[in-house]
Amino acid sequence: MRWSLVLIVAAILLGLEQAVKGPLAVGSTTIAPSFVIPLVVFIALFAPPLTAMWTALLVGLVVDLATVWSNGVTELVVVGPSALGYLIGAYFVLTVRALLYRRNPITLMAMSVVAAALAGVFFVAVHSIRMMYTDAYSFPALTELGHRLLASVYTGAAGLVMAFALFPMMSLFGFHDPRERRFGARK
Amino acid sequence: MSRRLLNPRTALTFAILALIVLAFAPPRLAGWVGAFSSPIRTVLAPLSRPFELVLGLRLTDRELSPNESETLSLMRQERDGYLRETNQLRAENDVLRRVIAELQQGLELNVNIPVRQFQAPVIGSSMELSSRLLTVRAGVREGVEPKASVAVIRGVHLVGRVVGEPSDRFCSVLPFTDRSAGPIQGVVMFGPTQFGPACFLEPRGDGSLVGRLRTESVLLPTGAESASLDPAGGDAIGGVRAGMIVRLADESWPQSAQMLEIGIVESVQLLPEDMRIRSVVVRPQFRIDRVSDVTLRVPAPPAPPTPAAAAAGGVP
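Sequence order for the protein chains is W and A.
Under the numbering used here, the residue at position 135 of the first sequence is numbered 135, and the numbers go up by one with no gaps.
Under the numbering used here, the residue at position 78 of the second sequence is numbered 265, and the numbers go up by one with no gaps.
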């Protein structure tokens, strides 16, 4: 896998996510699509397992570091909820990818929904546990859980659109086409 | 041994363990992580800016005042500024009378806090929508101080206040509509300069605030008193109508921020458990989490004493 291209695409998608997540949100809720989760899923579908997991962890880490929480007085950065959540999502895709039609845009959409839901559940779980011993910020867990599960469907829609941009770039990413092994001259 | 430690699989295991520890670490143990946040936000800001500009996602000055000529918009802005000043001066007048009385009893108070205002661009918002913190390109170099600095739009519309420790170039503004910002106290205005009842508002998380109207007259931080009777002589909370302006009157906010506009009354509701109690839903006039620029009001350094004042003070 070409790390340089992954970094460039991830940087563009992180910028896009930061810019459009708020305006694309449903009303004033947190129901908004993620553009980096479909990328993580795309990489988990085609890249070697270890590479896919590192990518998920690093992308999630950037999201965690770019999120600042506050209680009105102090600022707080919590690293881990998104990084580990994306990792769980990527791990799920790695586990089931052998059963999937990987080059189908619907696959990227469906896996984005599942990965975003898993990441969302983990995110809410971590912050809910933190709320038991810290009041550094406010986090309404039940509302957040509902919003994040709905947001995962929205992320699936973003994944479907992104599939048409990402799949033609597959050779540029340096992934091996899954069909090669089936018809190739492997001995 | 070293080869085994540098193995990507082992490194991934260590990274996961470290992240699990950090995810649950209390703020005082994981506070140092915040040092890495600023560079990441600095890198992400120019990456998101082109998308915002191309897609027209941020509310610009023009969009904040639609269908208005520039002159009319300026005049309206000027009027709002004068109204705020009038209210503050009126309140200060009241407080000065009180100060005189207190000084006569040997107390000292300093109510005239000078402020400096300047425009600063909003360069980013939080990646997760659960936190609506805005990153503003103005920091310690511009004199931004945490808690004492507030952000406004169009001169008088409150956005939020600076939280955390500002860096040299950036600071974080927490919108007052964010759930984490906590409750805020305000006063409903019956007229441009006529105080109505006070209210205690809580952010609902959807951009609006909700809270109970105070039935009794309350001493506001500016020194004035909120009304307990409406202009017609009836109960003050009965006189509150949708569309009325609510201004900030909260001791936990800087003195210079008092009487800034919180929003307008969206609806007045009677509480079923007690018909005498009414609650109001207040909404800011603008989507404050989507503004492209804010005006920061920071404490100004005290002016050097004039020669006459210095002479009057005496030199030992």
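Source of the hints: derived by calculation from the structure; they are not laboratory data.
Virtual Cβ for every residue (Gly too), placed ideally from N, Cα, C.
Honestly, I wouldn't trust all of these hints.
Short, incomplete list of chain A residues facing chain W, as computed with Cβ under 10 Å [to be verified]:
no.: 1; residue: L193
no.: 2; residue: I207
no.: 3; residue: P226
no.: 4; residue: L242
no.: 5; residue: Q304
no.: 6; residue: A307
no.: 7; residue: P308
no.: 8; residue: G311
no.: 9; residue: S312
no.: 10; residue: G330
no.: 11; residue: E332
no.: 12; residue: A335
no.: 13; residue: R366
no.: 14; residue: I464
no.: 15; residue: F473
no.: 16; residue: R477
Derived CB-CB ranges, DEER-like [to be verified]:
no.: 17; chain 1: W; residue 1: V161; chain 2: A; residue 2: R303; range: 22 to 32 Å
no.: 18; chain 1: W; residue 1: N104; chain 2: A; residue 2: P370; range: 26 to 36 Å
no.: 19; chain 1: A; residue 1: P370; chain 2: W; residue 2: L142; range: 40 to 50 Å
no.: 20; chain 1: A; residue 1: S439; chain 2: W; residue 2: P140; range: 18 to 28 Å
no.: 21; chain 1: A; residue 1: Q304; chain 2: W; residue 2: P48; range: 33 to 43 Å
no.: 22; chain 1: A; residue 1: E453; chain 2: W; residue 2: P48; range: 32 to 42 Å
no.: 23; chain 1: A; residue 1: R266; chain 2: W; residue 2: Y91; range: 36 to 46 Å
no.: 24; chain 1: W; residue 1: A165; chain 2: A; residue 2: L276; range: 55 to 65 Å
Here is what the structure says about each hint:
Restraint check, L193 (chain A) versus chain W: the minimum CB separation of about 13 Å is more than 10 Å; hint violated. Satisfaction of the interface hint for I207 (chain A) is found here, the shortest Cβ-Cβ separation to chain W being roughly 7 Å, below the 10 Å cut-off. Annotation: interface hint on P226 (chain A) holds; nearest CB of chain W at approximately 9 Å, less than 10 Å. The interface hint given for L242 (chain A) holds, since its Cβ lies 7 Å from the closest Cβ of chain W, which is under the 10 Å cut-off.
Annotation: interface hint on Q304 (chain A) violated; nearest CB of chain W at approximately 22 Å, more than 10 Å. A least Cβ separation of about 17 Å between A307 (chain A) and chain W goes past the 10 Å threshold, and the interface hint is therefore violated. A hinted interface residue such as P308 (chain A) counts as satisfied when its beta carbon comes closer than 10 Å to some beta carbon of chain W; here the least separation is about 14 Å, so the hint is violated. Because the beta carbon of G311 (chain A) sits about 6 Å from the nearest beta carbon in chain W, less than 10 Å, this interface hint is met.
Among the interface hints, the one on S312 (chain A) holds; its C-beta lies about 6 Å from the nearest C-beta in chain W, closer than the 10 Å criterion. Checking G330 (chain A) against chain W: minimum C-beta separation of about 19 Å lies over 10 Å; hint violated. With a cut of 10 Å, the hint placing E332 (chain A) at the interface with chain W is violated, because the nearest CB-to-CB distance is about 13 Å. The interface hint given for A335 (chain A) is violated, since its Cβ lies 12 Å from the closest Cβ of chain W, which is over the 10 Å cut-off.
A distance limit of 10 Å between C-beta atoms decides the matter here; for R366 (chain A) the minimum to chain W is near 5 Å, and the interface restraint holds. At its closest, the beta carbon of I464 (chain A) sits 25 Å from a beta carbon of chain W; the interface hint therefore is violated under the 10 Å criterion. A cut of 10 Å between beta carbons decides the hint on F473 (chain A): the least distance to chain W is about 13 Å, and the hint is violated. About 6 Å separates the beta-carbon of R477 (chain A) from the nearest beta-carbon of chain W, less than 10 Å, and the hint is met.
Against the hinted window of 22 to 32 Å, the Cβ-Cβ separation of V161 (chain W) and R303 (chain A) comes to about 46 Å, which falls outside the hint. Remark: the range hint 26 to 36 Å for N104 (chain W) to P370 (chain A) is contradicted by a beta-carbon distance near 51 Å. Look at P370 (chain A) against L142 (chain W): about 21 Å separates their beta carbons, and that is not inside 40 to 50 Å. The hinted window of 18 to 28 Å between S439 (chain A) and P140 (chain W) holds, with their beta carbons roughly 22 Å apart.
For the pair Q304 (chain A) and P48 (chain W), the supplied restraint of 33 to 43 Å is violated, since their beta-carbon distance comes to about 55 Å. For the pair E453 (chain A) and P48 (chain W), the beta carbons lie near 55 Å from each other, so the given range of 32 to 42 Å is not met. Here the CB-CB span from R266 (chain A) to Y91 (chain W) is close to 60 Å, at odds with the stated 36 to 46 Å. At roughly 58 Å, the beta carbons of A165 (chain W) and L276 (chain A) sit within the given window of 55 to 65 Å.
The structure shown violates the earlier hints numbered 1, 5, 6, 7, 10, 11, 12, 14, 15, 17, 18, 19, 21, 22 and 23.
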